[in-house]
Amino acid sequence: MRKAATDEIAPDEGDGPRREGDGAPGASGGPPAGAQGDPRPSGPSGRGAGPAAKTARARSGIARRREALTGLAFVAPMLLLFIVFRFGPTLGAAFLSVTDYRLSGEWTFIGAGNYTRLLGDDLFWESLGVTVVYTALYVPMTVALALGTAVLLHRTLWMRGFFRGLFFLPYVTSIVLAAVIWKWIYEVQDGLLNASLGLLGAGPVDFLGSDSLVLPSIAAASAWKGFGYSMLILLAGLQSIPREVTEAATIDGASGWQRFRWVTLPLLRPVLFFVLVIEAILGFQVFDAMYVMTAGGPVRASYSLVYFLYDSGFKFFDFGYASAVGLVLFLIVLVFSLVQRRLIGRDAD
Amino acid sequence: MATSSTSAERAAAPGPAPVSPHPAGAARPPRRAAARLGLPVLLVLVAVVTVTPFAVMVLVAFAPAGGQTLPGALDVSRATLENFADVLQSADITRWAVNSLVYSLVSVLLILLFASMAGYAFAKKRFPGREILFWSFLATLMVPFQATLIPYYILVSELGGVDTYWGLIVPTLANSQAVFLMRQFIVQLPDELFEAAKIDGASEWRIYTTVVVPLIRPVLATLGVFVFLWHWNDFLWPLVIGQSEEMRTLTVGLATLEGENVAINQVMAGATITVIPCLLVFGLLQRYLTDSIATSGLKS
Numbered sequence: 001m002r003k004a005a006t007d008e009i010a011p012d013e014g015d016g017p018r019r020e021g022d023g024a025p026g027a028s029g030g031p032p033a034g035a036q037g038d039p040r041p042s043g044p045s046g047r048g049a050g051p052a053a054k055t056a057r058a059r060s061g062i063a064r065r066r067e068a069l070t071g072l073a074f075v076a077p078m079l080l081l082f083i084v085f086r087f088g089p090t091l092g093a094a095f096l097s098v099t100d101y102r103l104s105g106e107w108t109f110i111g112a113g114n115y116t117r118l119l120g121d122d123l124f125w126e127s128l129g130v131t132v133v134y135t136a137l138y139v140p141m142t143v144a145l146a147l148g149t150a151v152l153l154h155r156t157l158w159m160r161g162f163f164r165g166l167f168f169l170p171y172v173t174s175i176v177l178a179a180v181i182w183k184w185i186y187e188v189q190d191g192l193l194n195a196s197l198g199l200l201g202a203g204p205v206d207f208l209g210s211d212s213l214v215l216p217s218i219a220a221a222s223a224w225k226g227f228g229y230s231m232l233i234l235l236a237g238l239q240s241i242p243r244e245v246t247e248a249a250t251i252d253g254a255s256g257w258q259r260f261r262w263v264t265l266p267l268l269r270p271v272l273f274f275v276l277v278i279e280a281i282l283g284f285q286v287f288d289a290m291y292v293m294t295a296g297g298p299v300r301a302s303y304s305l306v307y308f309l310y311d312s313g314f315k316f317f318d319f320g321y322a323s324a325v326g327l328v329l330f331l332i333v334l335v336f337s338l339v340q341r342r343l344i345g346r347d348a349d
Numbered sequence: 001m002a003t004s005s006t007s008a009e010r011a012a013a014p015g016p017a018p019v020s021p022h023p024a025g026a027a028r029p030p031r032r033a034a035a036r037l038g039l040p041v042l043l044v045l046v047a048v049v050t051v052t053p054f055a056v057m058v059l060v061a062f063a064p065a066g067g068q069t070l071p072g073a074l075d076v077s078r079a080t081l082e083n084f085a086d087v088l089q090s091a092d093i094t095r096w097a098v099n100s101l102v103y104s105l106v107s108v109l110l111i112l113l114f115a116s117m118a119g120y121a122f123a124k125k126r127f128p129g130r131e132i133l134f135w136s137f138l139a140t141l142m143v144p145f146q147a148t149l150i151p152y153y154i155l156v157s158e159l160g161g162v163d164t165y166w167g168l169i170v171p172t173l174a175n176s177q178a179v180f181l182m183r184q185f186i187v188q189l190p191d192e193l194f195e196a197a198k199i200d201g202a203s204e205w206r207i208y209t210t211v212v213v214p215l216i217r218p219v220l221a222t223l224g225v226f227v228f229l230w231h232w233n234d235f236l237w238p239l240v241i242g243q244s245e246e247m248r249t250l251t252v253g254l255a256t257l258e259g260e261n262v263a264i265n266q267v268m269a270g271a272t273i274t275v276i277p278c279l280l281v282f283g284l285l286q287r288y289l290t291d292s293i294a295t296s297g298l299k300s
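Sequence order for the protein chains is A and B.
Using my numbering, the letters of the first sequence map in sequence onto residues 1 to 349.
Using my numbering, the letters of the second sequence map in sequence onto residues 1 to 300.
Bear in mind the hints are in silico, worked out from the structure with no lab data behind them.
Every residue, glycine too, gets a C-beta built ideally from N, C-alpha and C.
Where hints are given, some of them may not hold.
[Said to hold, decoys possible] Coverage of chain A stretches by chain B, computed from C-beta distances (three or more under 8 Å per stretch; other residues unrestricted):
#1 134-141
#2 202-209
#3 313-321
[What the hints assert, rightly or not] If you anchor each label on the Cβ, the simulated ranges turn out as follows:
#4 V213/B - L343/A: 49 to 55 Å
#5 L42/B - T116/A: 51 to 57 Å
#6 T80/B - P140/A: 14 to 20 Å
#7 S240/A - T256/B: 55 to 61 Å
#8 D163/B - S60/A: 52 to 58 Å
#9 L193/B - L119/A: 46 to 52 Å
#10 L331/A - G283/B: 54 to 60 Å
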C-alpha cells in the first residue's frame, strides 16, 4: 500500500493557501458569471431579450441549482466509494478498537481495554522497537542514496535521462519482488554477497539470520527499492535553485563542498525535510519486506508493528485488538504529518 | 556576467583565492579534471549497483537446475528456459497473472472514470459542500491503509467479497490522489471551452465526454500508469482478501512460492515474469512518469 503513503502530505501540503486562492476566482469568474445572464451568453444565443431583473434572477437561480445538481451527480460515484470504503472504515477502526470484536462477529464494548492490554503486551513493545530501529536505519540510507544520486545527476549532463530512469527502475517494481531477490542475495550458502565475500577470503555472514544484521539488511533492500522516488523530488528541488546563487558563491571563491554545504543544502532544506518525513512514514508502515524475507525472524528480530497488527487480526482473529494497533500506527503517522506541516509552513515564511 | 564569472574562476586559481581553504592554486585545475571524470564514473558505479539485483534475478532464472551458484549462473551458454516451464506448470502462475491483470486494469479504468468525473465537478461546478467534500477526500491520505485494514476486511467479508474480484477491486477505487490530480489539472482549463459547449446545447455528460476527457488525456495517461503500477505491485490487500490459491495476485503468489519448497531458479523465473509488465509500462512511459513525480511531489 505504498500508494497511500507515497504522496502522503504532498497534495495538501503548502498547496492550501494557493488552492483556496485559485478556487475563489474560478468560482466567481467561472460558471456563475455565465449563469448571471451577462451579455456574453445571452447575446449570441439570442434569448432573454430585454428581460426584467426579476426573471433574470429566477433564471440564474435555476441555472445555479442545475449546476449544483450536475456537480453532485459527477461527484456521486466517487463520493459513494469514499463514504463506504474510506470514511466508514476509518470510523470503524476507531469503533472496533474499543470492542473485543472477534471473527464470530460478537462483541462487547470494553472501553480502553485494548489499549491497556497493548501497554502491558511485551510483543507490542518489541514490535514498536523493531519498527523504530528499522525506520532509523531505513530513512538515512534511503535519503542519503536519494540525495547522492540527485546531486550526481544534477551535476552531470552526460546521459542524465538514462541514469535517472535507471535509478528509478527499482521503484516501479514491488517490494515483494525486491524482497525475493534480496533474500537470495543475502543467502548464506551461495548468495551473491557471501559469494563475493568468499572471493575476498571473508567468511560467510548470515545477513538475515542474525538479530543484529537482519534489520540493516532489510533496510538496505528497501532503500534500494525505494530511493528513486525521493531522488526525483530532490532532483527537482536542486533544479529549482537559481543558478545565480551558486554562481555568486563560486565567485566568492567557495569550493564545491562549501557551495553544497552553505548554499545548496539550506535552500534544499524544505524539500529534504519533505522527503525525510515521507520516508519515515513509509518506514513505520513496513510489512511486505519482512513478511517475505524473514517472516519476522529470527525470533521476532524483524517483527514490525504492522506485522503485529496483521498477526493479531489474521492469525488470532482478534479484530478489536488489531484495530487498536492500527490506531497507534495512525497516531504515529499523524504526528509526523503535523510536524512536517509545522516546519515546512515555517520554512515558507 | 556569465563570462566574467567564469574568467574570475580561472583567474582565481593562481591569484588570491579569497575564501578557499585550499592553499595553492596549482592544485585546482587537476582536481577539476578529476571531478569532471569522477562524476560519470561514480554514476556508472551506482548504476551497476542498482541494476545488479535485476541481473542476478535474470541470471538465476535462466540458470539450469542446481546451477544457481554464482560462477555457474554467470555461464550464459548453459542458459535454459526450463525454470520458466517448470514454474508455469507447477504453480497457478498464469491464473495469478490473470488476477493481477484484472485487478490492475479494471481499477485503472474505473479510477480514471470516477476520478475525472469528480475532478471535473470539484474544479468547475459550484455545489453545496464542495470544499468540505474535497478536503475530506484529501484528509484520508493521512490515514495509513494498514490502520483501517481490519474494518476493510470485515466490511468486505460481510458483503461476501472475500475471494471475489469485486471484493479485491472496489474498495481500492476510493483514491484521493487521483481525484486531487484530476481537479488540479481541470481547474487550469479555460472556462470558455465549457461555456461554448453549453451554448451549443450540449448536455453535461456530453461536455464531459467530448470536451473534458479529450483535454485531460495526458493526465489520464500519467495517472493510469501510476494506478496500474500501484495495483500490480500491491501486496497486503490482495494477501488478505484473496484467500484461496486461485484468487492470489502475482505478488502474493510470488511470496507464497518463496515460502514453499520451490527451487530458487523457479522463484526467480516467477519473479522475472512478475516484473515484466512493470518494466514494459515503465520503459514506454519513463520520461512522462519521472517528470510527473518530480513536479507533483513538489507543487507547493
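These are the hints, each one checked on the structure:
1. 134-141: Since 0 is below three, the answer is violated.
2. 202-209: violated (count 0)
3. 313-321: holds (count 3)
4. V213/B - L343/A: 49 to 55 Å: Because 40 Å falls outside the window, the suggested range is violated.
5. L42/B - T116/A: 51 to 57 Å: holds, 54 Å
6. T80/B - P140/A: 14 to 20 Å: Distance hint for T80/B, P140/A is violated at roughly 42 Å.
7. S240/A - T256/B: 55 to 61 Å: The hinted range 55 to 61 Å is violated for S240/A and T256/B, with Cβ atoms some 45 Å apart.
8. D163/B - S60/A: 52 to 58 Å: For D163/B and S60/A the Cβ distance comes to about 53 Å; the hint holds.
9. L193/B - L119/A: 46 to 52 Å: violated, 59 Å
10. L331/A - G283/B: 54 to 60 Å: violated, 41 Å
In summary, the structure is inconsistent with hints 1, 2, 4, 6, 7, 9 and 10 from the numbered list given earlier, while agreeing with the others.
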